[in-house]
Each structure stands twice: as structure tokens, then as C-alpha cells.
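Line by line, the protein sequences give chains P and B.
Here the first sequence is numbered in our numbering, starting from 7 and rising by one per residue.
Here the second sequence is numbered in our numbering, starting from 660 and rising by one per residue.
No lab work stands behind these hints: they were computed from the structure.
Keep in mind the model is a prediction, meaning the values are calculated, not measured.
Warning: the hint list may mix true and false statements.
[To be verified] Across the chosen pairs, the derived CB separations fall in these ranges:
no.: 1; chain 1: P; residue 1: Gln8; chain 2: B; residue 2: Val864; range: 32 to 38 Å
no.: 2; chain 1: P; residue 1: Asn100; chain 2: B; residue 2: Ala675; range: 50 to 56 Å
no.: 3; chain 1: P; residue 1: Lys98; chain 2: B; residue 2: His707; range: 40 to 46 Å
no.: 4; chain 1: B; residue 1: Thr796; chain 2: P; residue 2: Asp45; range: 27 to 33 Å
no.: 5; chain 1: P; residue 1: Tyr13; chain 2: B; residue 2: Thr796; range: 50 to 56 Å
no.: 6; chain 1: P; residue 1: Ser44; chain 2: B; residue 2: His687; range: 54 to 60 Å
no.: 7; chain 1: B; residue 1: Val804; chain 2: P; residue 2: Asn100; range: 37 to 43 Å
All C-beta atoms, glycine included, are put in the ideal place defined by N, C-alpha and C.
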Amino acid sequence: MQIKLSYKNDRAMMRIEGFVNSDNAALMQEKLDEVLRSDARYLDLDLYDCKNISSIGIGKLLVFYKNFIGKGGDIEVLRSSTTVYELFKMLKLNQLFTVNLE
Amino acid sequence: MTAPVPRILVVDDDPALLGSLGALLREHGCRVDLAPNGIEALRRNRRHAYDILLCDIEMPEMSGLELVERIRRDGQPRGVIMMTGHLEPEYYIQAIRLGVADFLCKPIETGQLLEAVQNAMDKNHSVDSLRDFLANTEQASISCVIDPLRFMQHSVLRILGPFLYRNLDLPQDLLNVILACSDEMLQNAFIHGVLGLTVEQRGEVPEKLNKLISVKLQNPAIAARRIRYELVADHAAGFLRICVEDDGEGFDHEAVLNSQAGQDSPPLEGHGHGLAMLGKLSDELLISHGGRKIQTVHRIQPGTAPGP
Chain P
7 MQIKLSYKND
17 RAMMRIEGFV
27 NSDNAALMQE
37 KLDEVLRSDA
47 RYLDLDLYDC
57 KNISSIGIGK
67 LLVFYKNFIG
77 KGGDIEVLRS
87 STTVYELFKM
97 LKLNQLFTVN
107 LE
Chain B
660 MTAPVPRILV
670 VDDDPALLGS
680 LGALLREHGC
690 RVDLAPNGIE
700 ALRRNRRHAY
710 DILLCDIEMP
720 EMSGLELVER
730 IRRDGQPRGV
740 IMMTGHLEPE
750 YYIQAIRLGV
760 ADFLCKPIET
770 GQLLEAVQNA
780 MDKNHSVDSL
790 RDFLANTEQA
800 SISCVIDPLR
810 FMQHSVLRIL
820 GPFLYRNLDL
830 PQDLLNVILA
840 CSDEMLQNAF
850 IHGVLGLTVE
860 QRGEVPEKLN
870 KLISVKLQNP
880 AIAARRIRYE
890 LVADHAAGFL
900 RICVEDDGEG
910 FDHEAVLNSQ
920 AGQDSPPLEG
930 HGHGLAMLGK
940 LSDELLISHG
950 GRKIQTVHRI
960 QPGTAPGP
């Protein structure tokens with residue numbers, strides 16, 4: 007799995023490629039913690055090349071989400087792979103934030 | 660060189676070295692393609708099946724290790740030999756994790772190169788033999804019993820992934836699904852089944868979570884629990900089945916009950932995500948023994964060996 011994180015003004019852009027699983031979910035959490043500590047108010051997620059996110063990864067994303075909106079932030083998934091899009095829809099995460107297929 | 664003729668992809672950003680390695684290997688009966696960088700190597704790898712990747716570690720834009728990691732996602736090639744001027748310990752560890760077969764220090768000696776290629780081909784051949792055996796038996800299974808005290812020390816996924824990749828001739832997509840389901844089921848068996856961690860505890864930062872886990876494992880009753888994993892490939896019937904069973908509290912019962920009652924937890928509650936994911940990734944999801952035994956079934960074409 008690879009994660010690329012960049013910032014522009016008050017927006018953070020995170021691109022995740024590969025699989026988020028029990029081995030590397032902690033790395034994703036590190037990056038999310040970095041966003042939380044930053045001045046970013048918006049997190050744009052690019053999950054187009056993300057092939058799957060395990061429940062551990064989902065859990066970490068939700069913990070981040072709760073903390074991020076607590077400080078006035080918001081998330082949007084700009085684009086996602088079909089698998090991740092359907093997974094987020096099934097888990098009703100699209101009720102929390104916008105999830106785009108592409 | 661002994662038969663069959665190896666097909667080798669050589670990758671190095673030094674054009675002189677690239678050319679001379681290519682010429683040398685061709686002189687010794689290999690079929691060789693050359694790539695001056697990782698991007699070109701990926702392009703070639705998508706078009707041909709190579710037996711061996713011979714690759715420099717240090718290259719601009721995309722290092723040899725990054726190249727191997729990306730190529731591995733596509734399931735190719737089987738034998739990887741890395742070349743380097745000096746081998747840093749961190750490169751070595753990462754390379755081993757990526758299943759690199761051999762290392763050659765520059766300047767490359769002809770004898771060492773040819774021996775490394777032959778060894779890689781021999782290894783490929785023995786993997787093929789096992790794959791043929793598994794693929795041509797009516798049913799094959801892999802099972803193990805996992806001690807929770809060792810679960811955190813050894814990533815089951817990293818052990819299982821290369822093993823399945825090398826020994827089961829599965830299409831890469833199916834292998835990815837098998838690994839994702841195995842990871843999900845084993846993690847839940849460990850975190851919820853064996854350790855009995857709550858949703859809140861599972862959401863803790865890694866340092867705090869690891870401490871929680873260490874404390875839990877000091878309880879002899881918890882440390883005595885075991886996780887059983889089994890993967891069955893039934894070629895005749897046309898399915899793959901993964902089964903995980905734990906001696907503890909089993910899968911998230913609340914999520915199971917809610918799911919059966921048609922009530923989904925609010926998305927932020929954290930219940931049922933793993934179950935939902937397994938349902939999505941498998942053709943059939945079976946839960947029994949009060950949630951302690953979970954099975955996923957994945958259909959493959961019946962009557963033929965799985966794989967391309």
C-alpha cells in the first residue's frame with residue numbers, strides 16, 4: 007500500500023493505492039493523525055487505486071472522521087475504485103460524507 | 660543452462676551495464692528483454708510473463724524495491740534477483756519481505772550471475788511442481804492453529820500471502836480476495852474472539868492498543884485460546900472455502916444479530932463492518948457456533964484447476 011499526502015491552503019489531499027489491511031492500517035492512521043494535527047479543514051480522499059479497505063482501516067477512518075468533524079472539518083472521497091465505492095455504500099458511510107465513484 | 664529457457668527481464672538505469680548483461684544472458688541461452696527504468700519494466704511486465712526479474716535496487720524515480728512491490732501485485736515474475744553496489748540492511752529486510760530470491764553485488768561476476776539465474780529457475784520449477792500437484796488434486800487444503808501470543812509478532816498475512824501466491828495457481832483477483840477475507844477473519848478472531856476487545860478499545864491509537872493486547876494476553880485463560888484457520892480448494896466442486904474458528908467469544912455477536920434482524924447499525928457505531936465486507940467479497944458467508952466459526956465460500960470454475 008502507498009499513501010501520498012499533500013496540502014494546499016486548507017485542503018489536505020490523500021491518495022491511497024493498494025490494500026489497506028491489518029498490516030498497514032497503522033500507517034494510514036499515522037497519515038490521518040497528521041491531517042488532524044494540521045490546519046487542514048478539508049480532506050479529499052482519492053481511493054481510485056485503493057483495492058480494498060479492511061474493517062480495521064474503516065474503523066480508523068471513522069475515528070478520524072469523528073475527531074475531524076469535531077474541529078469543523080469535512081471529508082470527501084473524490085473518486086474510488088468500484089470495490090471501495092460499493093463497500094462504503096453498503097456500510098452507509100456515504101451518509102456521513104460524499105463518496106464519488108469518479 | 661538446463662531447460663526450460665528462462666525468460667528474463669533486466670532492469671538497470673546504467674545503459675552500458677544493461678546492454679552487457681543482456682548480451683551475456685543471451686549468449687547463455689536466455690530470452691532477454693531490457694528496461695532502463697521501472698516504468699518501462701512495468702510496461703513490459705504487463706505484456707509478457709517473465710520467469711526472472713534481474714533488477715538494480717537504486718534507480719531514479721522508481722527504485723528496484725518499489726518496482727518489485729508493484730510487479731508482485733500483478734503476480735509476476737516468480738524469481739527476483741536484485742543487484743546493488745552496496746546492500747543496506749533496510750533494503751535487505753524489505754527485499755526479503757518481497758520474496759527476493761537472491762542478491763548480486765556489483766560489479767557482477769559472470770559465474771555468480773549464471774548461478775543465481777539457475778537457482779531461481781530451479782526454485783520456480785519446484786514451486787510449479789507443488790502448484791501442479793495442488794491444482795490437479797480433487798481437493799487440497801491448508802490448515803493451521805495459531806497461538807495468540809505469536810499472532811502479533813508474525814504477520815499471518817505476510818506469511819500466508821506469499822505461500823498462497825507461490826503454491827496455489829489462482830488468478831490475482833481471486834488471490835487478493837482470499838487474502839482480504841483471511842485478513843479480516845483472522846483479525847476479528849484475534850481482536851474480538853480471543854481478546855474480547857470492545858469497539859472503543861479497538862479504536863485506540865496503536866501504542867495504547869498494543870499495551871491493551873499485552874495486558875489481555877497475560878491472562879492465562881486468554882493466552883490458552885487458539886485460532887484455527889483452514890483454506891480448502893475443492894477443484895471438482897468448484898469452490899474455495901476459508902474457515903476461521905476461535906476458542907473465545909467469536910465474531911461480533913451484536914452485528915450478527917442485528918444483521919439477521921435486518922437492522923443495520925448506524926455507520927459510526929463501528930459494528931458489523933467486517934461482516935459486511937466478508938459478505939460483499941464472498942459468494943457465501945456462513946456463521947456458526949455462536950459466531951466463533953466463520954466460513955466464506957468463493958466460487959471458481961468447477962471441474963478445472965483454478966488459475967489462468
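Here's how the hints hold up against the structure:
1. P/Gln8 / B/Val864: 32 to 38 Å: violated (22 Å)
2. P/Asn100 / B/Ala675: 50 to 56 Å: holds (55 Å)
3. P/Lys98 / B/His707: 40 to 46 Å: holds (44 Å)
4. B/Thr796 / P/Asp45: 27 to 33 Å: About 60 Å separates the Cβ atoms of B/Thr796 and P/Asp45, which means 27 to 33 Å is violated.
5. P/Tyr13 / B/Thr796: 50 to 56 Å: Roughly 54 Å apart at Cβ, these two residues keep to the hinted range, so it holds.
6. P/Ser44 / B/His687: 54 to 60 Å: About 55 Å separates the Cβ atoms of P/Ser44 and B/His687, which means 54 to 60 Å holds.
7. B/Val804 / P/Asn100: 37 to 43 Å: With Cβ atoms ~40 Å apart, the hint holds.
The structure does not agree with the numbered hints 1, 4 stated previously, though it agrees with the rest.
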